[in-house]
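Asker: Okay, here's what each chain looks like letter by letter:
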Amino acid sequence: MGEFIMNILEALFGGGKTTVAQQIAYLQMDLLKDIWETLYSTVLATLFAYVIGLPLGVILVAGERDGVRPLPRPLMQALNIIVNLLRSIPFLILMILVIPLSRVLLGTSVGTVASIIPLVAAAFPFVARLVEGSLRESDRGVLEAAQAMGCTPAQIIFKVMLPEALPSLITGFTTAFITILSYGAMSAAIGGGGLGSLAINNGYQRRMTFILYVAVILLVILVQIFQSLGGWLSARLDRRINRAAKKTRRPRPEKTGIH
Amino acid sequence: MIELKHISKVFPTADGDLHALTDVTLTVNDGDVYGIVGMSGAGKSTLVRCINLLERPTGGQVLIDGADLCAMGEKELIRTRRSISMIFQQFNLLMQRTCLKNITFPMEIAGVKGEAARKRALELLDVVGLPDKADAYPAQLSGGQKQRIAIARALASNPKILLCDEATSALDPKTTRDILRLIKDINRRLGITVVVITHEMAVVEEICTHVAILDHGHVMETGTVEEVFSNPKTEAGRRLVYPDRVVIDQLPAANVIRIAFNGGSSYEPLIASLAIDCGVKVNILGADTRNIDGRAFGTMLLGLPADPAEAAKAVAYIKSQPDVTMEEVRDYHG
Ligand SMILES: Nc1ncnc2c1ncn2[C@@H]1O[C@H](COP(=O)(O)OP(=O)(O)O)[C@@H](O)[C@H]1O
Ligand SMILES: [Mg+2]
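Chains as they are written, first to last, in the numbering used here: chain P, 3 to 261; chain B, 28 to 361.
Since the hints were derived computationally from the structure, they do not count as laboratory data. These numbers come from a predicted model, not from an experiment. Check the hints yourself; a few may be wrong.
[Stated by the list, open to error] Pairwise CB distance ranges, derived in the manner of DEER restraints: (1) B:Asp350 <-> P:Ala80: 40 to 50 Å; (2) P:Val53 <-> B:Cys305: 31 to 41 Å; (3) P:Arg138 <-> B:Ala229: 34 to 44 Å.
[Said to hold, decoys possible] Below 25 Å or equal to it, Euclidean Cα-Cα: the simulated DSS-like pairs (lysine-lysine) are: (4) B:Lys140 <-> B:Lys128; (5) B:Lys201 <-> B:Lys32; (6) B:Lys128 <-> P:Lys161; (7) B:Lys32 <-> B:Lys146; (8) B:Lys146 <-> B:Lys128; (9) B:Lys102 <-> P:Lys161; (10) P:Lys161 <-> B:Lys140; (11) B:Lys211 <-> B:Lys187; (12) B:Lys201 <-> B:Lys211; (13) B:Lys140 <-> B:Lys187; (14) B:Lys102 <-> B:Lys140; (15) P:Lys161 <-> B:Lys146.
Note that CB positions come from ideal geometry on N, CA and C, so glycine has one too.
Extracted from the complex, chain B is given alone in its bound form:
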C-alpha cells in the first residue's frame, strides 16, 4: 500500500518558489492500477518521483506498507527502492549493455549474479515477448521493444510496486496499446501494484482501476475510473474527460477578435486545443464557417478572457496556427 500524506514540494527558482505539489494526499491499495492524470506541468512526474524519493518532498509523508520513506536512512531507503520499480517515457536503458545485461542489472546491484540472474533474465525476456533479443543492444530496438526491455528490467527485482512515468507517451497508438496490455497483464498475473502517470485519458481508460486528477499541484478528485469518468466533479476533471467539448461558459469579453479560416482543419479542434494546450477559454460570439471537404473556410468572432495574460496566450496560440488569420475587432457591440 502506498499512502501519500499531505505531500508538498517547493522548488526554489530564480523567480521565487515554485509550488509543484500542494497538500497531496492519496492512497493506492495493493493490486490497484492507479492513474494520475493531469496536463503537462501539473506536477505528475514530481509526484511519482516522490513515491520512491527520487524527489524528496518538502513536507508530508510517503508511507510504503506503513514505513515512512522520508524517515529512512540511506541504506534502508536503497533497500526499499529495490522493491519499487520504475519505467520512463525515455526508457532509460543502459546503452552499452545488451538487453540481457540490462535485465540482470537490478539483480547485479542486489548481489544476485551469474547463472541464476541470467536464467531469470531469460524468463523475463519471455514474459515481455522478446526471447530473441538477449544479445541485442538497446540501440538496435524499436521504441516499443525498448520499453518491453525496460519492463523486464523493472520486474527483475521482484518489485511490489511499478511506477510508470508517461511510459507510453513516446510510442505510437498501437504500440501503446500493446505495452498497456502488458502492464495490465503483469498487474493481474504478478499482483504488482501499478501507478500510471499520464496526460492521456485514453491510457487511464485502458488499464486503470482508480484515478486521481492533478491540476497545478493539487489533487482535484480521486475515485474509481467509472466514478470520475461518468461524473467529473471539477472543472479540471471535465477538461480532461471531455477535451473535445467546446467551452460554452460565458466569459466577459474584454476584447474581441475575428479569425478567418483559410482552408485548414475545422474550427472545433482549434477552440478545443486552445482550451487544452493553453488552458484558455474563449467565447464564441458568432461564426460563419463552412466545411468543404473537411476543410474550414469562413470567419468567427471570439471573445477573449478578461485576464490580459490569458488573452495574450490565446492570441499567441491562434497566431501560431497555420491557415488561420486573425484581426482585432475594436468596435464590437454585443
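Here chain P stands alone, though its shape is the one from the complex:
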C-alpha cells in the first residue's frame, strides 16, 4: 500500500535529480524548523508592525482637525505622506532599500532575523491604515457622549475608541498577520528561512517539486487556520451582535496588502 502511493508520487513529482523519497527525507529533517521560522518571523514582524502601526493609526484618526486631540496640520500631512510612500514601494524593492538599516540595527542584512526588518517596514504603514479604518468606524455620537461626560482625549482613545473598535481591530490584525505571513515567504530572497525559502530555494531552484507543493500547501493551511481563528475571535468578542444577527455582518476592511 505505502509502496503504491510512493510510486504514484514518484510518477507525479519525481523525474528530477532527487527522488520523492529523498525529498521526504529532507522534509523530515527540515520541515519543523521551517514552520517554526515562518511562525516566529511572522509573529515578531506583526508584533513590531503593531508597536509602530497601532499608535500611528490612532494618531491618524485622533489628530485630525475634528478628531479628539487635533494635531498640527503639517505633522498630520507628513505622517500621511510617509505612510503612503512606504505603502507604494513594492516589497521586493523595499527589502533591498532597508539593507543598510538592517546592518545598523542587527549588524547583518541576511538571515531569518534580518528578514524581519523589511517586513516591519512594509507592514507598519499597512497596519496603521488598518487601525485607522477600524477606528473610523466608531460611532461619532458615542465619542461625543464621552466628551460630554468629561473624558480627557486620552480617556476617549483608550476607554472608548479602542475598546469599541476591538472586533474590527482583531479582524484587521488577522489580515495583517496573514499578509505578513505571505510576504515573509518572499524574504527567501535575502536569506530568510521558513516555508517560503523551502519552497523557493529547494522546491523551485533545486527542482524538488514535491517539496514545493508541500510548502505551498502548508502556507495555505496556515493562512486558513489564522483566518478562521481571527474571524471566530472577532465575532466572539463583538457584543453588538446576537447569535442570530451574525450572518449580516459588515464586510471586512480592505484586504489589499503590502505591495
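Following the hints, put chain B with the ligands in place on chain P, whose structure we already have.
Answerer: What follows is chain B with the ligands alone, placed relative to chain P:
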C-alpha cells in the same frame, strides 16, 4: 443656574457662513425643566451643545452657576462637564460594555473605581427600573431600555444639570411617556435641572415648566409653559402650538394649482403638514371635497406663495404625496 448670554454660532460652509444661532439669551433656573422647541434645523442641538461646550459658540457667554465655560482651560472645562450630563436621541451607549459597565463609566473616568462604583451603578439600575439588566449588553435591549441605561449613566456622576437632546424622538409614544415620567421624577427627587430639546410640543406639555421657542437660530419667545401655550405671541410660536390649524392668512396668489384627492387621507393634514414640514403657507381658494369613510375625494384650488422658492417647495411636497395629483391652473381669475 444656566445663563446663555448673546450666544451666536456660525458654521463656515462651502456656500458661505451658516448662522445656526443668533444672539440667543436665556436663563434656566435651578430645578427647572426647561424645554427648547423648534422645527428641525432651528438650531436646537447646536444650542444645547453650546451649554457643555461640545460646540464652542462663535460669540457670547455660557455661564454655569456664574462661571464662564468659554473662559475655562481644558482641565477646568473637563471638570465642569462632569457635573453636566447629557442624553441623546441615539442613546450613544458603549456597545462593547455591559449595562453595568456603561453606568460605572463616568465614575471610572473620574477615578471612582471598584466596589463603590459597582454599588452605585446597581442602585441606579434600580432607579431606572432595570435591576436585572446589569450584565446585559446594550444590543440586547429595546430602545426604551437603552435610554433608561443612558439615564442611569447620566446620573452616575451626580450631575447638577441633565441635557436631553431629542431623548424620546426615537421611541414609540408609550415608551416616550414612560421615559418623560422618569425624567420628571428625577428632576423632582434629585433636584436636577433639566434642559429638554425637542420638536414635539407634546413633550414640552408633558414635563416642562418653562419653554423657549427657537426658530432659525433666534429665540422667538420664552416663558412658562402656561404663558407660551395659552398665548403664543409669535408666528413661530403659533405654528408650533397649533400645528393642525389650517393657515388662513391671505397670501398673494401668484400661481394657482388644482389638486385632486384620489382617496388618500383627508385634506387638512396635507395643508397643515405643508406648513409644518416645509414652512410654506398656501391659500385655499376653493374646495370641493368629500370624505368617504375617512378618505378624501375631490379637488381643491390652492394659491401658492409669491416667493418662487417657497412655491417650488410646496409643489415638490404635494407631488411627493401618495393619492394626490396636481395640475397648474393658468387662467384663474379670483
Ligand atoms: N457642524 C456643522 N457644520 C455646519 N452646519 C451645521 C453643523 N451643525 C449644525 N449645522 C447646521 O446648523 C443648523 C441647525 O442645526 P441643529 O442645531 O442640528 O438643528 P436642530 O437640532 O434644531 O434640528 C442646521 O442648518 C444645520 O445644518
Ligand atoms: Mg437636533
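Asker: Next step is simple, just say for each hint if it's right about the structure.
Answerer: Verification of the supplied hints:
no.	hint	in the structure
1	B:Asp350 <-> P:Ala80: 40 to 50 Å	violated, 60 Å
2	P:Val53 <-> B:Cys305: 31 to 41 Å	violated, 56 Å
3	P:Arg138 <-> B:Ala229: 34 to 44 Å	holds, 38 Å
4	B:Lys140 <-> B:Lys128	holds, 11 Å
5	B:Lys201 <-> B:Lys32	violated, 37 Å
6	B:Lys128 <-> P:Lys161	holds, 11 Å
7	B:Lys32 <-> B:Lys146	violated, 40 Å
8	B:Lys146 <-> B:Lys128	holds, 12 Å
9	B:Lys102 <-> P:Lys161	holds, 18 Å
10	P:Lys161 <-> B:Lys140	holds, 14 Å
11	B:Lys211 <-> B:Lys187	holds, 14 Å
12	B:Lys201 <-> B:Lys211	holds, 15 Å
13	B:Lys140 <-> B:Lys187	holds, 21 Å
14	B:Lys102 <-> B:Lys140	holds, 21 Å
15	P:Lys161 <-> B:Lys146	holds, 21 Å
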